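Going down the list, the protein sequences come from chains W and L.
So the first sequence is numbered by the working numbering: it starts at 7 and just counts up by one.
So the second sequence is numbered by the working numbering: it starts at 2 and just counts up by one.
None of these hints come from the bench; they were simulated from the model.
Among the hints, a few may not be true.
[Said to hold, decoys possible] Using C-beta positions, here's what the derived DEER-type ranges look like: (1) Gln154(L) x Gly378(W): 54 to 60 Å; (2) Arg36(W) x Glu123(L): 42 to 48 Å; (3) Pro711(W) x Gln154(L): 38 to 44 Å; (4) Gly131(L) x Ala429(W): 23 to 29 Å; (5) Asp639(W) x Ser43(L): 25 to 31 Å; (6) Glu29(L) x Tyr432(W): 48 to 54 Å; (7) Tyr432(W) x Ser43(L): 32 to 38 Å.
All values derive from a computational prediction rather than experimental measurement.
For every residue, glycine included, the Cβ atom is placed at its ideal position computed from N, Cα and C.
Residue strings, one per chain:
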Amino acid sequence: MTGFLNTSVTRPDAAGKVTGQRAYPGDLVRPGMLHLKVVFAERPHARIRAIDTAAAMAHPGVVAVLTAEDVPSNGFGLIVPDQPVLCGEVVRCVGDRVALVAAETPDAAEAAARLVVIDYEDLPVISDPHAALQTDAPLLHLGWGTNIISEFAIRKGDTARAFAEADVIVEDEFSTTWQEHAFLQPEAGIAYVDEHERVIIETAGQWLHEDRRQIATMLQLPEERIVVRYAAVGGAFGGREDLSLQHLLALAAWKLRRTVAMNWSREESMIGHPKRHPVTIRSRWAARRDGTITAVEAHAVADGGAYASTSQEVIKVIALFASGTYEVPNITSTIVAAYTNNLPTGAFRGFGAPQAQFAAEIMITKLAHALGIDPLDMRRRNIYREGGTEPTQVTLPPGVSALPVLERCIAEAHTRMGHEPPAAPYLRRGIGIAAGIKNLGYSFGYPEQATAAVELYGDASINRAVVRVGAAEVGQGTHTALRQIAAEVLQVPFERIEMICDDSSAAPNAGSASASRLTLIAGRAVHDAARAALQQWHEEERPACATVQYRPPATTPLDPVTTAGRPNYAYGYASQAVEVEVHLLTGQVQVLRAISVHDVGRVINPQQVTGQIEGGVVQALGYALLEQFQMRDGYVTTPHFSSYLLPTTMDVPEIIPIALEHAEPLGPFGARGFAELPLVPFAPAVAIAVYNAIGVWLTRLPMTPERVLEAIKKQHTA
Amino acid sequence: MQVSITVNGKRYERNIDPRMLLVHFLREELGLTGTNIGCDTSQCGACTVHLNGKGVKSCTCLAVQVDGMDITTIEGLAQNGALHPMQEAFWELHGLQCGYCTPGMIMASTAYLATNPSPSEEEIRGSLEGNFCRCTGYQNIVAAIKSAAEKMQQEPVGV
Ligand code: FES
Ligand code: FES
Numbered sequence: 007m008t009g010f011l012n013t014s015v016t017r018p019d020a021a022g023k024v025t026g027q028r029a030y031p032g033d034l035v036r037p038g039m040l041h042l043k044v045v046f047a048e049r050p051h052a053r054i055r056a057i058d059t060a061a062a063m064a065h066p067g068v069v070a071v072l073t074a075e076d077v078p079s080n081g082f083g084l085i086v087p088d089q090p091v092l093c094g095e096v097v098r099c100v101g102d103r104v105a106l107v108a109a110e111t112p113d114a115a116e117a118a119a120r121l122v123v124i125d126y127e128d129l130p131v132i133s134d135p136h137a138a139l140q141t142d143a144p145l146l147h148l149g150w151g152t153n154i155i156s157e158f159a160i161r162k163g164d165t166a167r168a169f170a171e172a173d174v175i176v177e178d179e180f181s182t183t184w185q186e187h188a189f190l191q192p193e194a195g196i197a198y199v200d201e202h203e204r205v206i207i208e209t210a211g212q213w214l215h216e217d218r219r220q221i222a223t224m225l226q227l228p229e230e231r232i233v234v235r236y237a238a239v240g241g242a243f244g245g246r247e248d249l250s251l252q253h254l255l256a257l258a259a260w261k262l263r264r265t266v267a268m269n270w271s272r273e274e275s276m277i278g279h280p281k282r283h284p285v286t287i288r289s290r291w292a293a294r295r296d297g298t299i300t301a302v303e304a305h306a307v308a309d310g311g312a313y314a315s316t317s318q319e320v321i322k323v324i325a326l327f328a329s330g331t332y333e334v335p336n337i338t339s340t341i342v343a344a345y346t347n348n349l350p351t352g353a354f355r356g357f358g359a360p361q362a363q364f365a366a367e368i369m370i371t372k373l374a375h376a377l378g379i380d381p382l383d384m385r386r387r388n389i390y391r392e393g394g395t396e397p398t399q400v401t402l403p404p405g406v407s408a409l410p411v412l413e414r415c416i417a418e419a420h421t422r423m424g425h426e427p428p429a430a431p432y433l434r435r436g437i438g439i440a441a442g443i444k445n446l447g448y449s450f451g452y453p454e455q456a457t458a459a460v461e462l463y464g465d466a467s468i469n470r471a472v473v474r475v476g477a478a479e480v481g482q483g484t485h486t487a488l489r490q491i492a493a494e495v496l497q498v499p500f501e502r503i504e505m506i507c508d509d510s511s512a513a514p515n516a517g518s519a520s521a522s523r524l525t526l527i528a529g530r531a532v533h534d535a536a537r538a539a540l541q542q543w544h545e546e547e548r549p550a551c552a553t554v555q556y557r558p559p560a561t562t563p564l565d566p567v568t569t570a571g572r573p574n575y576a577y578g579y580a581s582q583a584v585e586v587e588v589h590l591l592t593g594q595v596q597v598l599r600a601i602s603v604h605d606v607g608r609v610i611n612p613q614q615v616t617g618q619i620e621g622g623v624v625q626a627l628g629y630a631l632l633e634q635f636q637m638r639d640g641y642v643t644t645p646h647f648s649s650y651l652l653p654t655t656m657d658v659p660e661i662i663p664i665a666l667e668h669a670e671p672l673g674p675f676g677a678r679g680f681a682e683l684p685l686v687p688f689a690p691a692v693a694i695a696v697y698n699a700i701g702v703w704l705t706r707l708p709m710t711p712e713r714v715l716e717a718i719k720k721q722h723t724a
Numbered sequence: 002m003q004v005s006i007t008v009n010g011k012r013y014e015r016n017i018d019p020r021m022l023l024v025h026f027l028r029e030e031l032g033l034t035g036t037n038i039g040c041d042t043s044q045c046g047a048c049t050v051h052l053n054g055k056g057v058k059s060c061t062c063l064a065v066q067v068d069g070m071d072i073t074t075i076e077g078l079a080q081n082g083a084l085h086p087m088q089e090a091f092w093e094l095h096g097l098q099c100g101y102c103t104p105g106m107i108m109a110s111t112a113y114l115a116t117n118p119s120p121s122e123e124e125i126r127g128s129l130e131g132n133f134c135r136c137t138g139y140q141n142i143v144a145a146i147k148s149a150a151e152k153m154q155q156e157p158v159g160v
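All chains, full assembly: derive it from the sequences and hints.
What follows is the structure, given as structure tokens:
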């Protein structure tokens, strides 16, 4: 039989998606269900003096108004349960949920939600993380005792001495802003209690078993009593990693013993899930005359918003990648995430790596300029190589392909870019090239595993194979890729393999669809389970069944004194080149072409690889140039797509995706993850290209026309 | 209010709230959930359908405004069980990931091809400015439309 890898098997879910038959969570609403409506705080910080639900309850069609008192355990969160399910005492951001109305029709629920009277006493609003860290700042979480969500530091070598002995030092400050996931399908779902007294939630998400864990904790029920199922998920990008409405659906179904439904508007979605962290980074880099980087110092502050979400983990990634993809002997990298009254921040494709490397890639370029060295040669000299040492004083996991990836990108840029001059005297063109690194999988000792079960049915030959793996299909195509991996191991046609992935009671835990980890880790679990089942098949077991939990090499927290430790078990590497055209009169930056080179280890499905790269590049383009989620004094000023601009077809450049295959030692057939990487080097590549076009540095994201014009003006007056 | 609207070739008589949007009429009254809702400001295009053969965002008009008119939704595009070439092209050329934008993209592009049967890539891009996709980066969507247009030039189909 022929191979099932490196082939563009069309996705089995495409049929339903092109005909409108495939159900998204919002399509599950049926007549007779109760409709839920959240009463949001709509104010950034206040004490709740009283909640009066009488008028709402009296509204025709209203069945219940749930408040904090109705929640068995009123706190949730991926890492720390610091976020109230329904706020009873204090609201800390405009997205806080205060009450939940259940009514026979959506109109009644909406009307009644407006009748819930909440008596608030407004409290001082902290809208800036630096202000939150002042000693006299009011505490946002009294019990926590500080506005610091988490802090983290990495120290390697002797930075002070390295700076004292450096031939050249450069310094700068960078700032990035919130990014909104803007997955196209707003949060929605249904929930009910089944005949076995289990709470069933049908919705969208990124990790069945973690949703289940948090909901079970909230309801104080054993996990087996909670079943989470995913309908078709309309995009995620990290924005569905936190609970948004899944727990509210569960709560209402459990309390009211009715099937309940909720369908969020875009405006509700915008305030209902965390954003990418805004970060400020002060950087200082030192080098020797020959171009060897000798020291990196970075101090960063991240806005964690009102609740912890994954801040604690995101900031570790930022600190780790302060020195980018480069081996540096002396590093001091500190970061603190602060509570503010802004919307919480959490996971978003790249998980801190884009912010850190926006600074790092600009810094290495400036350092090269200061030395009079070609910035690409500077990268070649310092980039991670096999056997290199990480900032945390351990050897990089094997499979370091940063240099070949960079070289390919440089070569492609050379042939494809810079060959036409701009068409008008007020246009300037420039090319920028940047490298990037991102951990694959969970880091710093966070428990990492994926479990898969494979069952083989038939007699002489395998007629049917069933693969159970609780890995979320959020659009990226993971079910197709996992099925291809199973087909390749079993040498059974694709069509004979049934995938069971969307039900927490029927598929084992494969971890989240995040950290570019599913192809690598869930793929490896499927691979190993299929191999084990096949072994049994050859031993004449019928059906032949095997369950395998795959655990990659352990990572560790850092030593509190030396900050040494094993942060990650695998990395992905990328390099990107962009050619831009800057309009000197309007400040508009247009990306003309983008080359995105990725080491994917082994191509499972070329179409999907290309699709991930292209989609990622366009999100990165939005992050670099357009997307400016804004909050003022804790209020969102970009609540709709009319004010939060997303890239459209007209913004998209020519994209040249390139996949290299340097095998990842742990991956199934050598495959590794890469889906976050397009977000990593892109923004700095654009900043470098803009610098090469007009000679000014933009160190704030996004690089809007106003900021470009301002920078040009400053340059003229200087 | 009484309306009579033909959807996918079938006439529906309904008594509806005059404030009901067409998209809600399709999804809630008729149970045709293939037409998606992605925003509340008429920006995303996920809700695009054909109104008398023209592409419209069904969240921008009231159901009563289309009384007596002809609507085609994504569910009505396949003819006698055979997919429309545009549907085939989106499927085969990986013109979708999460698929939430797909019905709108397919309806917008089929309507556009009726006005411009062999568009350039530039023209295709221009015609989709009102349709967001957050997953694909648009490249394969444009490629799918181009390929469907070419196929339809060879074997025309009615929409
Ligand atoms: S739902 Fe977004 S344009 Fe209609
Ligand atoms: S495929 Fe997800 S929005 Fe287009």
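Outcome of the hint check:
1. At about 57 Å, the beta-carbon gap between Gln154(L) and Gly378(W) stays in the expected band of 54 to 60 Å.
2. Separated by about 44 Å at the C-beta atoms, Arg36(W) and Glu123(L) satisfy the suggested range of 42 to 48 Å.
3. The beta-carbon spacing between Pro711(W) and Gln154(L), approximately 40 Å, falls within the hinted interval of 38 to 44 Å.
4. Checked against the hint of 23 to 29 Å, the pair Gly131(L) and Ala429(W) passes, with Cβ atoms roughly 27 Å apart.
5. With their beta carbons about 29 Å apart, Asp639(W) and Ser43(L) fall inside the hinted range of 25 to 31 Å.
6. Here the CB-CB span from Glu29(L) to Tyr432(W) is close to 52 Å, well matched to the stated 48 to 54 Å.
7. Judged by the Cβ atoms, the range 32 to 38 Å given for Tyr432(W) and Ser43(L) holds: they are separated by roughly 34 Å.
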